[in-house]
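Visitor: Quick note, the sequences are listed as chains E and C, same order.
Residue numbers for the first sequence follow this note's numbering, beginning at 71 and rising by one.
Residue numbers for the second sequence follow this note's numbering, beginning at 525 and rising by one.
What the hints contain is simulated information worked out from the structure, not anything from laboratory work.
Beta carbons: idealized from backbone N, C-alpha and C, even for Gly.
Mixed in with the good hints there might be a few duds.
To be verified - So, partial list: chain E residues that the calculated Cβ filter (under 7 angstroms) puts toward chain C:
no., residue
1, Leu113
2, Gln160
3, Asn165
4, Leu166
5, Gly171
Unchecked claim - Label-pair distances were calculated between CB atoms; the ranges are:
no., chain 1, residue 1, chain 2, residue 2, range
6, C, Thr642, E, Gly127, 36 to 44 angstroms
7, C, Gln553, E, Glu85, 23 to 31 angstroms
8, E, Gly122, C, Gly525, 35 to 43 angstroms
9, C, Gly525, E, Ser121, 17 to 25 angstroms
10, E, Asn88, C, Leu592, 45 to 53 angstroms
11, E, Glu137, C, Leu592, 38 to 46 angstroms
12, C, Ser578, E, Thr175, 41 to 49 angstroms
13, C, Trp534, E, Asn115, 17 to 25 angstroms
Claimed, not checked - Negatives, chain C to chain E, calculated, CB over 10 angstroms:
no., residue
14, Phe552
15, Gln553
16, Leu568
17, Ala596
18, Ser613
19, Gly636
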Amino acid sequence: GIQVEQSPPDLILQEGANSTLRCNFSDSVNNLQWFHQNPWGQLINLFYIPSGTKQNGRLSATTVATERYSLLYISSSQTTDSGVYFCAAQTGANNLFFGTGTRLTVIP
Amino acid sequence: GAVVSQHPSWVICKSGTSVKIECRSLDFQATTMFWYRQFPKQSLMLMATSNEGSKATYEQGVEKDKFLINHASLTLSTLTVTSAHPEDSSFYICSALGPLAITSYEQYFGPGTRLTVT
Numbered sequence: 071g072i073q074v075e076q077s078p079p080d081l082i083l084q085e086g087a088n089s090t091l092r093c094n095f096s097d098s099v100n101n102l103q104w105f106h107q108n109p110w111g112q113l114i115n116l117f118y119i120p121s122g123t124k125q126n127g128r129l130s131a132t133t134v135a136t137e138r139y140s141l142l143y144i145s146s147s148q149t150t151d152s153g154v155y156f157c158a159a160q161t162g163a164n165n166l167f168f169g170t171g172t173r174l175t176v177i178p
Numbered sequence: 525g526a527v528v529s530q531h532p533s534w535v536i537c538k539s540g541t542s543v544k545i546e547c548r549s550l551d552f553q554a555t556t557m558f559w560y561r562q563f564p565k566q567s568l569m570l571m572a573t574s575n576e577g578s579k580a581t582y583e584q585g586v587e588k589d590k591f592l593i594n595h596a597s598l599t600l601s602t603l604t605v606t607s608a609h610p611e612d613s614s615f616y617i618c619s620a621l622g623p624l625a626i627t628s629y630e631q632y633f634g635p636g637t638r639l640t641v642t
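Using the sequences and the accompanying hints, generate a full structural model.
Guide: This is how it looks when you write it as structure tokens:
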């Protein structure tokens, strides 16, 4: 299956700071999703972004499909942004493969 | 829209017993659902793909006789862990292909079920 790598593995931010999370994948994709897993384990869909750029409030994402990477931007971070961020990629009719996640801690 | 629920949210059972977990799409029909497993501080691993009205497709290394999957309707898939053992303790998460499944591969995830086998 497709290989999905995320960086950094851990990130600690002061409240109000901005951050960029990266997701590299090994093949062309027809599905690229970003999720936030909250402390209770719920995966929250952030973006469905196999290509292009999207924005939703303080979050935005860009996928450069030809170069096989995606970026998640978090601006003006808040303590409620803490948790694990996963990207997951799918190629063809194959399954969705998850990266190992970035654990974000936002301190007040 | 595209809400997926799971029941129960947590369950404790004794070794040797069976546990059933339900996954429902609440506001859309889901012909395809997926079951994942997540160990503490690890990523999600796909266990099986469940298609309405047909047998599930299991990933390599997943015992189909131990993890029974049934997708009898367009809004419900169930995972039964049979003869559970402590090593089956994990966080089980289901997902469904969303209402735009014809044009989009986006999956929507349930809140998960935490299983503890004593």
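Visitor: Run every hint past the structure and note whether it holds.
Guide: Status of each hint after checking the structure:
no. : hint                                    : verdict
1   : Leu113                                  : holds, 4 angstroms
2   : Gln160                                  : holds, 6 angstroms
3   : Asn165                                  : holds, 5 angstroms
4   : Leu166                                  : holds, 6 angstroms
5   : Gly171                                  : holds, 6 angstroms
6   : C/Thr642 / E/Gly127: 36 to 44 angstroms : holds, 43 angstroms
7   : C/Gln553 / E/Glu85: 23 to 31 angstroms  : violated, 42 angstroms
8   : E/Gly122 / C/Gly525: 35 to 43 angstroms : violated, 22 angstroms
9   : C/Gly525 / E/Ser121: 17 to 25 angstroms : holds, 23 angstroms
10  : E/Asn88 / C/Leu592: 45 to 53 angstroms  : holds, 47 angstroms
11  : E/Glu137 / C/Leu592: 38 to 46 angstroms : holds, 42 angstroms
12  : C/Ser578 / E/Thr175: 41 to 49 angstroms : holds, 43 angstroms
13  : C/Trp534 / E/Asn115: 17 to 25 angstroms : holds, 23 angstroms
14  : Phe552                                  : holds, 14 angstroms
15  : Gln553                                  : holds, 18 angstroms
16  : Leu568                                  : violated, 5 angstroms
17  : Ala596                                  : holds, 22 angstroms
18  : Ser613                                  : holds, 14 angstroms
19  : Gly636                                  : violated, 4 angstroms
Hint violations for this structure: numbers 7, 8, 16 and 19, all remaining hints satisfied.
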